[in-house]
Every structure is written in C-alpha cells, then in structure tokens.
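A.B. asks: Now for the letters of each chain:
There are 2 protein chains.
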Amino acid sequence: MQAEQIIRALGALAQDHRLAAFRLLVQAGADGMAAGALAEAVGVPASSMSFHLAQLANAGLISQRRQSRSIIYTANYAAMGALMGYLTENCCGGASCLPETSCSPSLANTTERNVA
Amino acid sequence: MQAEQIIRALGALAQDHRLAAFRLLVQAGADGMAAGALAEAVGVPASSMSFHLAQLANAGLISQRRQSRSIIYTANYAAMGALMGYLTENCCGGASCLPETSCSPSLANTTERNVA
DNA sequence: TCCATATTTCGACAATTATCGAATCATTGG
DNA sequence: CCAATGATTCGATAATTGTCGAAATATGGA
Numbered sequence: 001m002q003a004e005q006i007i008r009a010l011g012a013l014a015q016d017h018r019l020a021a022f023r024l025l026v027q028a029g030a031d032g033m034a035a036g037a038l039a040e041a042v043g044v045p046a047s048s049m050s051f052h053l054a055q056l057a058n059a060g061l062i063s064q065r066r067q068s069r070s071i072i073y074t075a076n077y078a079a080m081g082a083l084m085g086y087l088t089e090n091c092c093g094g095a096s097c098l099p100e101t102s103c104s105p106s107l108a109n110t111t112e113r114n115v116a
Numbered sequence: 117m118q119a120e121q122i123i124r125a126l127g128a129l130a131q132d133h134r135l136a137a138f139r140l141l142v143q144a145g146a147d148g149m150a151a152g153a154l155a156e157a158v159g160v161p162a163s164s165m166s167f168h169l170a171q172l173a174n175a176g177l178i179s180q181r182r183q184s185r186s187i188i189y190t191a192n193y194a195a196m197g198a199l200m201g202y203l204t205e206n207c208c209g210g211a212s213c214l215p216e217t218s219c220s221p222s223l224a225n226t227t228e229r230n231v232a
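Protein chains in written order, with this note's numbering: chain A, 1 to 116; chain B, 117 to 232.
Since the hints were derived computationally from the structure, they do not count as laboratory data.
Backbone N, C-alpha and C define an ideal beta-carbon position, used for all residues, glycine too.
You may find that some hints are simply not true.
[Said to hold, decoys possible] Label-pair distances were calculated between CB atoms; the ranges are:
1) 183/B - 85/A: 46 to 56 Å
2) 146/B - 68/A: 53 to 63 Å
3) 68/A - 159/B: 44 to 54 Å
[To be verified] One side of the interface only, derived from the structure: several residues of chain B facing chain A at Cβ under 10 Å:
4) 124
5) 152
6) 153
7) 167
8) 188
9) 209
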C-alpha cells in the first residue's frame with residue numbers, strides 16, 4: 001500500500017459518519033448492508049451517505065455489489081489489514097504499539113525499526 | 117480512547133506532511149526532533165510545520181519539550197497504541213485484519229472495551 | 001541590554017470537505 | 001410500458017483545512 005493510498009484510507013476513516021458506517025459494515029460481515037440501511041442507521045440523508053460511501057470506496061476500504069434495487073456495501077478487510085500493516089511498520093516504534101494478542105507476535109521481520 | 121479522539125488522531129495522520137513528520141518522529145525515538153529540523157526534513161516553511169505539529173499534538177500523538185531555544189517533539193507511542201487498539205477492536209472483523217503474527221489472535225472476547 | 005536564533009501566532013487566501021434537497025438513473029413488479 | 005423504490009449525481013452553500021510571509025514571542029550568548 002502506497003503512502004498516497006494510506007492517506008486516503010486514514011482520511012476516509014477520519015470523519016464520524018464515515019467511521020460509524022465503516023464500523024457497521026465491519027460488524028455486518030460478508031452480508032454487508034444496503035446504502036439506505038446505512039443512511040438510516042447513521043442518521044444522515046441518503047445523498048450524504050452516498051457521498052461518504054464514495055469516499056470509503058475510493059480509499060478501497062469498502063466494496064459494493066448490486067442486489068436487486070439495493071446496493072450492498074461490504075467492508076474490505078484486506079484493505080484495512082494493509083492499513084494496519086502500514087501503521088504498524090511505519091508509525092509504531094516498537095512492541096508497545098500493538099495491544100497484546102495472547103501470544104508473542106512475530107514482528108521481528110517487519111523491518112528493523114528500533115529503539116526508544 | 118473515545119471516538120472523538122480517534123477521529124482527531126486519524127485526521128491528524130491523514131495528511132502527507134503530517135504523516136511524514138510523525139514517521140520521522142517515530143524513527144527518531146525518545147530523542148525526538150526539533151521543529152525546525154522537521155520543517156526542513158519535510159520541506160515546508162516553519163510556520164506551516166508549526167501548524168501541523170499543533171494538530172498532531174492536539175490529537176495527542178506527539179509531545180513537546182523545550183530544550184534551550186529549540187522545541188523538541190517526540191512521538192507518543194501510547195496514543196498510537198490506543199489508536200491501533202481501537203482500530204483492531206472496532207474496524208477489524210476478524211483475524212484477517214492484522215498482519216500474520218504466527219498464531220491466531222484471540223479477538224473474539226475483546227468486545228468489552230468500547231461502546232459506540 | 002542588545003542581537004541572533006528558534007518557534008509560534010496572525011492575517012489573508014485558496015482549496016478541500018461536508019451537507020442536503022432536487023433531479024436523475026437503474027431495477028423490479030404489475 | 002409505467003409507476004414505485006433504492007441509490008447516485010448535481011447544484012449551491014457553509015465550514016474546515018492547508019499554505020505562507022510577516023509579525024510577535026521566547027531563549028541564550030556577547
């Protein structure tokens with residue numbers, strides 16, 4: 001993932017309505033949610049939600065598929081994973097950055113970053 | 117970390133000059149870097165860098181200390197860790213989100229931490 | 001004290017972002 | 001084919017963000 005793309009992904013999540021929508025999609029899993037359902041759940045007009053969904057899609061964080069009249073959006077876990085990976089490698093100085101994951105993470109080979 | 121704070125942190129990193137500055141600070145470690153050095157490294161006027169550093173500081177991502185005439189900025193790893201934690205818990209649907217850590221993370225029981 | 005250095009604050013301005021109703025486009029059922 | 005439904009696009013507008021030079025604020029040294 002390029003820095004350009006990272007900026008877009010961060011910017012896409014840096015807005016309350018979009019973050020809310022994305023969280024809903026993450027919860028919804030593979031089933032996803034229709035644009036209208038998202039608009040209602042988040043509490044914004046359909047046109048506004050459409051604007052925000054376009055930004056999330058542009059950042060690669062969500063995908064869409066048409067199902068009859070509705071357009072179903074789903075979270076793109078791979079893109080989110082890439083973002084997490086970038087942040088882990090470039091914005092975390094050491095082990096202290098990631099929360100514990102019940103076993104020792106093998107971050108040693110993610111690049112030799114250093115000390116604090 | 118509250119959603120409000122998360123939005124601010126994401127927004128702070130969602131800008132090329134700020135992301136560049138933050139990465140430099142992460143690399144610099146505890147020594148940190150002076151505002152002027154950051155401005156030169158990133159390639160923006162001092163006043164612009166000051167503007168960006170204020171935003172990063174406001175988001176809690178960096179700290180500052182005066183050392184003689186210079187003001188030294190350092191990355192706040194704890195804040196970054198909190199951001200990573202939030203994203204992991206709220207924006208990652210399952211194991212697929214975090215980069216491989218040699219064993220499956222136990223994210224199933226971590227839903228307690230944040231509420232809408 | 002006076003001067004040089006390091007940084008921030010203060011305008012002013014351009015560019016981007018967010019919002020929302022109205023209009024438009026696509027799909028389905030009758 | 002036509003009406004109804006679900007969604008996006010299109011204005012227009014308000015608000016926020018980014019930029020940069022000039023002025024103001026601190027600090028240290030002669």
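A.B. asks: Next, verify each hint and record whether it holds.
C.D. replies: Now the hints, each set against the structure:
no., hint, in the structure
1, 183/B - 85/A: 46 to 56 Å, "34 Å, violated"
2, 146/B - 68/A: 53 to 63 Å, "57 Å, holds"
3, 68/A - 159/B: 44 to 54 Å, "51 Å, holds"
4, 124, "8 Å, holds"
5, 152, "22 Å, violated"
6, 153, "18 Å, violated"
7, 167, "17 Å, violated"
8, 188, "15 Å, violated"
9, 209, "5 Å, holds"
The earlier numbered hints that this structure contradicts are 1, 5, 6, 7, 8.
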